[in-house]
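Peer 1: Here's the letter readout for the chains.
Number of protein chains: 2
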Amino acid sequence: MKELLKLMDFRPDIRVVDATLRDGGLVNDFYFSDEFVKALYETNIKAGVDYMEFGYKASTELFDEDKFGKWKFCRDEDIRKVVGDNGTDLKISVMADVGRCDYSKDIIDRKDSPIDLIRVATYINTIPAAADMIEDAAKKGYETTCNIMAISNAQERDVETALEILGKTPVNTFYIVDSYGALYPEQIARIVDLFMNVAAKYGKKVGIHAHNNQQLAFANTIEAVGDGADWLDATYSNMGRGAGNCAMELLLGFLKNPKYKVYPAFKFIEANMVKMKEEAKWGYDLQYLMTGLFNQHPRAAIQFTKEQRKDYTEFYKELVMHD
Amino acid sequence: MKELLKLMDFRPDIRVVDATLRDGGLVNDFYFSDEFVKALYETNIKAGVDYMEFGYKASTELFDEDKFGKWKFCRDEDIRKVVGDNGTDLKISVMADVGRCDYSKDIIDRKDSPIDLIRVATYINTIPAAADMIEDAAKKGYETTCNIMAISNAQERDVETALEILGKTPVNTFYIVDSYGALYPEQIARIVDLFMNVAAKYGKKVGIHAHNNQQLAFANTIEAVGDGADWLDATYSNMGRGAGNCAMELLLGFLKNPKYKVYPAFKFIEANMVKMKEEAKWGYDLQYLMTGLFNQHPRAAIQFTKEQRKDYTEFYKELVMHD
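Chains P and B supply the protein sequences, listed in that same order.
Per the working numbering, the first sequence starts with residue 7, numbered consecutively.
Per the working numbering, the second sequence starts with residue 7, numbered consecutively.
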């Protein structure tokens, strides 16, 4: 947190990305009602959010369309039904995973699409494939980010090498993704520094996507802001895989740019998220703290949650045994 | 967070204070079962916690004993029933509020008491009264801390003056108390610096007691650690007034001193806190975020919670109108 005394002011370069449908979709298999999505879109506009991520551009070859809601696939025509020509300041984003997306076919030219931003999600070992997707999307006219997942498991030298490769692509933003919710603010500071150094060299921005396994998603996000990260992911009511993400309502309350308004977030949560929370299950609990502490993928904790288990100590023993 | 690269090591001066009964008692009017208190005591010993706070030494003249559980009053004989002669490394603490405690009568000599530490809680405008209580307790042989509440509302010059007064007393530790859960880590860093400067001059320690209104209680606590604060308050499952406190299980998972063990915390939570959470109500919710944002006492939010209201936007309007 290096921006001491800057709390009263704001950086106009900040961009807030609403990932509620995309990361929240991992909780409910992307089954959101049309009313929910429409209300979310209108809320984001009122709240001054910069980007709304609708979901994934997942391969229909790999994923069964009967087993997921439409936002797993984010067809342009489905987005159009919500945003029309989107004559607003809110830009539209989708995520495309390396190896799970038919991008050359499914991503059309930007001028024919309601989408503005393609976010390419990758692990550290598939950076060349990510670079290829970025080149493809940029050539088609899109803004792009590269979201490096499971960053807490990546070696710093590998990250540097990866960013050097990405620096030479047209990507706009390098994204730090703490998929395991394993990082403390002190580590975030170190990682942001590493990212910022390469970003400065190539004229790129840095972003942060945090998870709440240790009740640190918001704290790590504002730590990253203080260290120079400009692109910030958040979701309403923290909705997201496992322990969830940085809460949009916390982030909007923190940011000082008067374009951001927190009241529309409260209104949306009252009308939509309270009910959603009764149907879908996410948020901080001991099993997520544990996988965070062990720097592991939350999948075992998600399974524990699904089975409505409450034998936390047995779960801990399972983690210790398999570690 | 200035202790970059120190995450692998630890400071032996760190002290962890379990405030579950004391701050959690504000949620359930101090009605804890004897089994719960005994299990908590044994957990703290196993977890390597340094101090266990049993509750308040409240005046029986001011407070009706029929309306509160016994830990509002913390009679020495009630503590004895739990700890016996307490031949353990866990020290026993109670809190005494300025103006709500008959300390000259109710606090007896340490040699005749199971209590080791008296924590004097005060607002910034009653420091001389706090100093008098500290002198009294120190003369009787106790360790003492002075916990300055609602620090987010205090002017820095007033805080300096207050700490200068306290520096001349025998108090061991100056405590920062973010009663309103209003502070961001960046502000914590600034306040800890202020406290550390006066503390260094008088050979005192600095402590932190955080609230979770903005999901920052743990983050603010570890920010304070990085800035030099040694005394850290936490409660199991965040139990505490309103949005609750820094979670003990998060703090024990973070601290690297091998004397601290997180597994007993998981065990205690599984056996005791899951059930407690069904009976008593605390934890992050929008109404607490709102009072935090407005830098207000959480009492209106607590009332909102008690009435099981869910009309967050109405509550927001009430706060705006009364601000």
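Don't take every hint at face value.
List time: in silico DSS-like cross-link candidates among lysine-lysine, alpha-carbon distance up to 27 Å [said to hold, decoys possible]:
(1) B:LYS312 / P:LYS283
(2) P:LYS117 / P:LYS211
(3) B:LYS323 / P:LYS262
(4) B:LYS52 / P:LYS283
Facing chain B, from chain P, some residues (calculated, C-beta under 10 Å) [said to hold, decoys possible]:
(5) TYR37
(6) SER39
(7) ASP142
(8) ILE171
(9) ASN226
(10) GLU255
(11) GLY259
(12) LYS265
(13) PHE272
(14) MET282
(15) GLY298
(16) LEU299
(17) GLN302
(18) HIS303
(19) VAL326
(20) MET327
Hints listed in this document are in silico derivations from the structure and should not be mistaken for laboratory results.
Even glycine gets a Cβ: it sits at the ideal position worked out from N, Cα and C.
Peer 1: Taking the closest Cβ pair, is SER39 (chain P) under 10 Å from chain B?
Peer 2: violated (20 Å)
Peer 1: Would the hint on GLN302 (chain P) be counted as holding, given a Cβ-Cβ threshold of 10 Å to chain B?
Peer 2: This hint is violated: GLN302 (chain P) lies away from chain B, its Cβ roughly 14 Å from the closest one there, beyond 10 Å.
Peer 1: Does the CB of LYS265 (chain P) sit less than 10 Å away from some CB of chain B?
Peer 2: violated (17 Å)
Peer 1: Holds or violated: LYS312 (chain B) with LYS283 (chain P), Cα cutoff 27 Å?
Peer 2: holds (20 Å)
Peer 1: Is the interface hint for ASN226 (chain P) satisfied, with its Cβ closer than 10 Å to some Cβ of chain B?
Peer 2: OK, holds: ASN226 (chain P) within 10 Å of chain B, min 8 Å.
Peer 1: Is the hint on LEU299 (chain P) kept, meaning its closest Cβ partner in chain B is under 10 Å away?
Peer 2: holds (5 Å)
Peer 1: The hint names ILE171 (chain P) as touching chain B; please verify it with the least Cβ-Cβ distance against 10 Å.
Peer 2: Hint violated; ILE171 (chain P) Cβ to chain B Cβ min 27 Å, cut 10 Å.
Peer 1: Is it true that the CA of LYS323 (chain B) sits at most 27 Å from the CA of LYS262 (chain P)?
Peer 2: Given pair LYS323 (chain B), LYS262 (chain P) holds - Cα atoms ~20 Å apart, limit 27 Å.
Peer 1: Against chain B, run the beta carbon of ASP142 (chain P) and see if the smallest gap drops under 10 Å.
Peer 2: Interface hint status for ASP142 (chain P): violated (38 Å vs cutoff 10 Å).
Peer 1: Can the restraint linking LYS52 (chain B) and LYS283 (chain P) be considered satisfied, given a maximum Cα separation of 27 Å?
Peer 2: violated (36 Å)
Peer 1: Hey, does the GLU255 (chain P) contact hint survive, CB to chain B under 10 Å?
Peer 2: holds (6 Å)
Peer 1: Please verify that hint: TYR37 (chain P), Cβ, nearest Cβ of chain B, below 10 Å or not.
Peer 2: violated (23 Å)
Hint check: violations occur at hints 4, 5, 6, 7, 8, 12, 14, 17, 18 and 20; the rest are consistent with the structure.
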